[in-house]
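Chemist: Here is how the chains run, residue by residue.
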Amino acid sequence: MNLVPNGMSRRHFMSHMAATAATIPAIQFMQHLQVHAETVKKNQKACILMWMGGGPPTIDIWDLKPGSKNGGEFKPITAAGTQISEHMPKTAAQFDVLNTVRSMSTREADHGRGRYFMHTAYVPNPTVVHPTFGSVVSHELGSKRKELEIPSFVSIGGDPGSPGFLGMGNAAFVVNTQGRIQNADTDGMDPNRFKNRLAMLGTIEDSFIASKRGEAPQAHKDVYKKAIDLMTSKQMEAFRIDKEDPKTIDRYTNAGAPAGMMGRGNNDFGRGLLMARRLVEAGVPFVEVGMGGWDLHANVFNTLKDRNLPAMDTAISALITDLKERSMIKDVVVVWMGEFGRTPRINQDVGRDHWAASWSVMIGGGNLKGGLGVGQTDSDGLTCESKPYLPGNIWATACHALGIPTTTVHTSKRGRPMKIANGEAPIAELIG
Amino acid sequence: MRMWCGSRMARWAAASLAIAISASVAMTAEEPESKDAKSKAAAKDAKTGSEKSTSEKPTAEAKPAGKKREEFTTGSSDVLISFINEQIRQGWVDNEVEPSEAAGDGEWIRRVYLDIVGHVPPMEEIEKFLADKDKAKRSKLIDKLLDDPAYVRHWTTVWANLTIGQQAPREVSRKGMEKFLREAFTKNRPWNEVVIDIVSAEGNFEENGAVNYILAQMVMPDDGVQATAKTTRLFMGMQVQCTQCHNHPFNDWQQRQFWEFNNFFRQLTKRTVQKYDPKAGRNVLDYVELNRRDNVDDHVTYERRNGLIEAAYPRYFGQDADVAKKDKDGWDVNRREVLAKLMTEGEKPLVSLAMVNRMWSQFFGYGFTKPVDDLGPHNPASHPELLERLGAEFVKSRYDVKQLIRWICNSEAYNLTSQATKANEEKDNPAAGTTALFSHVYLKSMSAEQLYDSLIVATNAHKSGRSSWEQAEDKKRVWLRQFVTTFGTDEGDESTTFNGSIPQALMMMNGELVKDAISAQKGSFLNTILSETPQDKDRIRRLYLTTLGRNPNAKEQQMAAGVVRVPNDQKLAAYQDMFWALLNSNEFIFIH
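Residue numbers (my numbering), protein chains in the order written: chain W, 1454 to 1885; chain D, 219 to 810.
If a hint is listed, it holds; no wrong ones were tucked in.
So the derived list for chain W, only partly shown, Cβ under 10 Å to chain D, looks like this:
1) G1508
2) P1577
3) A1624
4) A1625
5) G1746
6) H1750
7) E1792
Covered, in the sense of this in silico footprint (three residues per stretch, anywhere, with C-beta under 8 Å from a C-beta of chain W), are these stretches of chain D:
8) 701-712
9) 767-774
Derived by calculation from the structure, the hints in this document are not laboratory data.
Each residue gets a CB set at the ideal place from its N, CA and C atoms; glycine is no exception.
Required output: the full structure, derived from the provided sequences and hints.
Modeler: Now the structure itself:
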């Protein structure tokens, strides 16, 4: 299965793979391999993004409006120093390390534009593709983790967006929650033969790269390098949640409860968060886990109550408990968001439509404060009554938690300086 | 931001791009001076609208076209092509870039095959083309490819993906949509008629496959909101989806206009019929029908941001549409049919401009606007006069899609090499955010479908002739499914891991498809080459031709010769490894 025999250093192996001389005899080649014990680095900073695809109705989850005509069917309950939905009781119990930011005002109420804005902190612009935040973290932290052999940005059933000007080397590695990475081994091929193939490939690629056809040919080579790294890595175990204690899997997925109608309800989101925890332990600095089924133009309350919220509550509370038990909560910042919120007004189909003017995200862990509800909307949820926040504020806060200076500036391909998190400031109440 | 919008607005008007809108009441808020600009532009329209305009243009404008102007031709004599070349050249002059050289025949034939018929050229066609001394061979090949059955297949795929997505939502028939498109491209039906059929379609989802377009926008009950947004975006190049909730900050689309458009989509109703499947022991989908509701309100209501409720009547850019009529069967008139006709009326409707812009971007990788489906005053075109003229000529040609492709593929810009030079790589690098000037051809990644079909051609699998169109497409579709993720939003968003990222690399290196492609079974490409081509040198050359469309260079030849200098029982493995490396290379996966 694996190209590298047990106990051998993949990186050492690869240095030979990369050699263009295809003449080293197999035995000599094997002798060069050294035994190297993989050490899992603890206490590395990381971010887990919980992406709520479709636009979650935060007015029913984090910022309830009892007594308003827009309030809907749910009641708030206490969660540390704030209140959240009664259908999130297990998460409420973990809220000492979590916070809501209730005055998001992000103006993009289209899925594509909202997804872009929330992931990059920049509004779409035809002259530049901004990097999604996972790619930013991959660029900033992943490149420094020399021992990391798997991609430094993993998206589990999410919709991560583009690495933009940071290049395909920082693109998300998109996987599903089954943890089985397709085509990740050479099916028993002799490593020498594979090495020969790579040597030939290198020659062809290099001549095309040298032919002045833009950056894409080099990016192709970079991605292949990452793919080959991954094929030979023992860290691939991190994707295997079946290696976990069944009790742990059960805690995340609450097995037995009905799975979501859209195939990624209950079980899948929980499995995704469990995989995220394993990946973060292996040193991956950014993991995005997607949960879909939020585009609730109709029948919002029953869907939330019976499907989305129980699944989400189980998964999030399990993750936070787990991170606490493993003493990782101080190092791992969690962010929960979607493209936008949903209309305070309840429509004729008992649904809520797209709404970006006043909504909430959740953020916590890392070294951030906890238990707070930052910002507020009016009693009907229609406008922000306190300082409005942009996605840049959320990502700047995450930068702070990750130890990435908020003064960091990247340069676009045309030499234009691009401030990290669009130059926004971290949310003061959270970093104190 | 406001200032920015204002100045762009003026440029838009001056560039006279707002053709379809210009006469309408929708623009009543315009400044007087921009109206002036528009009427001047309209006068100019009239002047340049005729076919002889190229020769009438002032010499001052023609001069910058420079010394190479007469040199390049594909052999086509269409006068519009000179106009395209002049306009593109003007852009080079204005931006002080020099074009790259013309592409060699090997580079060009690979590109034009991939772009028109969706796969790499068969080896024997490359050899024939390289040996052909006919000066008009490029334009002749374009004509030939437009008559190739693979042309129909490729463009059916492109438009099925655009209309219903790679992964058709549930209760949508990809087969039905493809059947409709296949007929349209086979008969080269005028594009305006195709659009009318798609926008106004009613009936059974396999008998009238065009209904699947609307069905795919009805995944969620949303009063036709998604159908409205998608129709304006895809067929008219106008992004209105953001105006649904509020006045869009960037363009002139008003919330009211969105709902006026939406009014045309309020009769939609879907009927889903199930049947008992004795094998499965349960009910399964039998068919779906898109029907029309009678007695729908004449107005729709929407809520403005300030909370006021307003009514919107069926209007097209301020032009009231009469939908109170009955059709010949006594039903309320099909409002979508009324809309489709309004959309395709006139000398340069947005439907024409949107199609020209999209087709241009299909071939060049970039349209005249970024993004390609966002035309408007807020987003000025890079070559406004060219876009406008092509739009007008496309209408005059009776929306002849093949003719549009001929114009594009016979243009000088399309025939340049993809190698940049010092004189254009900085200023003309749209991947890094510059305006596309088309001074060299930009790399495009093969789509998953192009890769699949190319591997079939490159490995001779197409010659076995063992499966029907539908079987082959079914097999391809199963393979394609591994890359697509859908997000279950009302827009039917999906993403693909066939995007140059790691999963694609893993699939190419270790997946079954490439394994099959390099297999040595009887009848396979490698098997044939090894048995029928005696010399290693020729074998290597043919491997390069079939994958990259060129001969190996000296260094590659040397390396390859070393690789295959092995005992006979290892030859096959050596050739497999070389084939593997070629198929996995950047040069193979890019269209260049």
